[in-house]
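Residue numbers (the UniProt record's numbering), protein chains in the order written: chain A, 1 to 205; chain B, 1 to 192.
Mixed in with the good hints there might be a few duds.
Claimed, not checked - Listed next, the in silico DSS-like pairs over lysine-lysine satisfying Cα-Cα at most 30 Å (straight line): (1) A:Lys157 <-> B:Lys112; (2) A:Lys69 <-> A:Lys137; (3) A:Lys69 <-> B:Lys112.
Stated by the list, open to error - Below, a sample of chain A positions facing chain B; criterion: calculated Cβ distance under 8 Å: (4) Ala6; (5) Leu10; (6) Gln70; (7) Phe112; (8) Arg161; (9) Leu170; (10) Gly173; (11) Arg187; (12) Pro189; (13) Asp190; (14) Gly193; (15) Ser199.
Calculated from the structure, these hints are not laboratory results. Here the structure is a predicted model, which is why all the values come from computation and not from measurement. The beta-carbon is built from N, C-alpha and C at its ideal position, and this holds for glycine as well.
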Amino acid sequence: MTIRGAVLGLWRLFARPSVHFGLGFLTLGGFIAGVVFWGGFNTALEATNKEAFCISCHEMRDNPYEELKQTIHFTNRSGVRATCPDCHVPHQWTDKIARKMQASKEVWGKIFGTIDTREKFLDKRRELAEHEWARLKNNNSLECRNCHSAESMDITKQNPRAAKMHETYLFTGENTCIDCHKGIAHRLPDMHGIEPGWSMKTSQK
Amino acid sequence: MKTRFLIAALALLAGAPALTAGIATVGIATGVTAARAADASAADSPQELAGTGTVGGIKVPSANHPITRDDPAEATHREITDDQRRARNYADQPPLIPHAIRDYQIDLNINKCLTCHDRRNTEGSQAPMISVTHFQDRDGQTLGTVAARRYFCTQCHVPQSDAQPIVPNSFRDFDAVLGHSPTQGLGQGGAK
């Protein structure tokens, strides 16, 4: 009864015209408050979307980040670097929010120490990797394609080997990036039972 | 060799007063530098050791000493990644890797090389299959898949770079030695 009363009281307050504040104050104030809220929200969101934020936890700093540092996505001849969110967070706003909501599970993991030692991380690595593979498979390797698009890929500049593969599997839409390019930025988990993209069909024989 | 012994003997002589004077530490230091100097003088011109310094009142060579020189680092060489198979210099030479293998993971979890070169994957990858010798364990038993002792590919197979050999190589392959082959330079062409 008391809850009902409280809700009703709030609704009356909400529905009643303002007595003390002018219309201009309320609209302008509401507008400014909205800008401040929205700006603050996005700033906070962007702050969680930086490499520095990711590696502020030792779980990420000591495991995936250390491994990333060895790879071509970290240092290369052209000096372009992919940081954590470039690959792990969608760039589109709605997709990003969806991913961020999923990532609240990671806060749970942090609080309860799901992967707070190297051993726990290695034990869980296959599961974590499978999540990322599934995600990239479902969105057709969207995060890869933010930088590597099939349209701007000149296969005549590639090794014949790579060119043939891309022609056969990528351009036909038969496979997506992650089917073949697993473990390009981190070490792979135990890969038993996982076929490489180019032999997924033939190995069924 | 003779000159080396001579220089080593001279170095010992030079070190002797220090040792007899009981300054063991300085004596050892001089001995080490003298030995290095002997090595250096064998390779470089004697003018390299022109300078001297003093440690504990004893003259030791210091300036222009090889250890004090700032030599610029050699340029790194480019990997050869042209996918062209190289001729082998002898029949049982492990074939060279003509492609990039950066970040290839070979461990308990996965062997990245075998994702193409394994028997089951060659149809998809069109890569050469690892030969049947890789299936044999140390007792000569042929197993169903790659034997554990052959699992670590890069123990034998290596990529190549465009570096020139530091030491000249007079290797000639079997045919060239027997005078069968007109292409004597095959050895050099194979192992760049």
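Hint compliance check: list the failing hint numbers for this structure, sorted ascending.
Hint check: 4, 5, 7, 9, 10, 14 fail, others pass.
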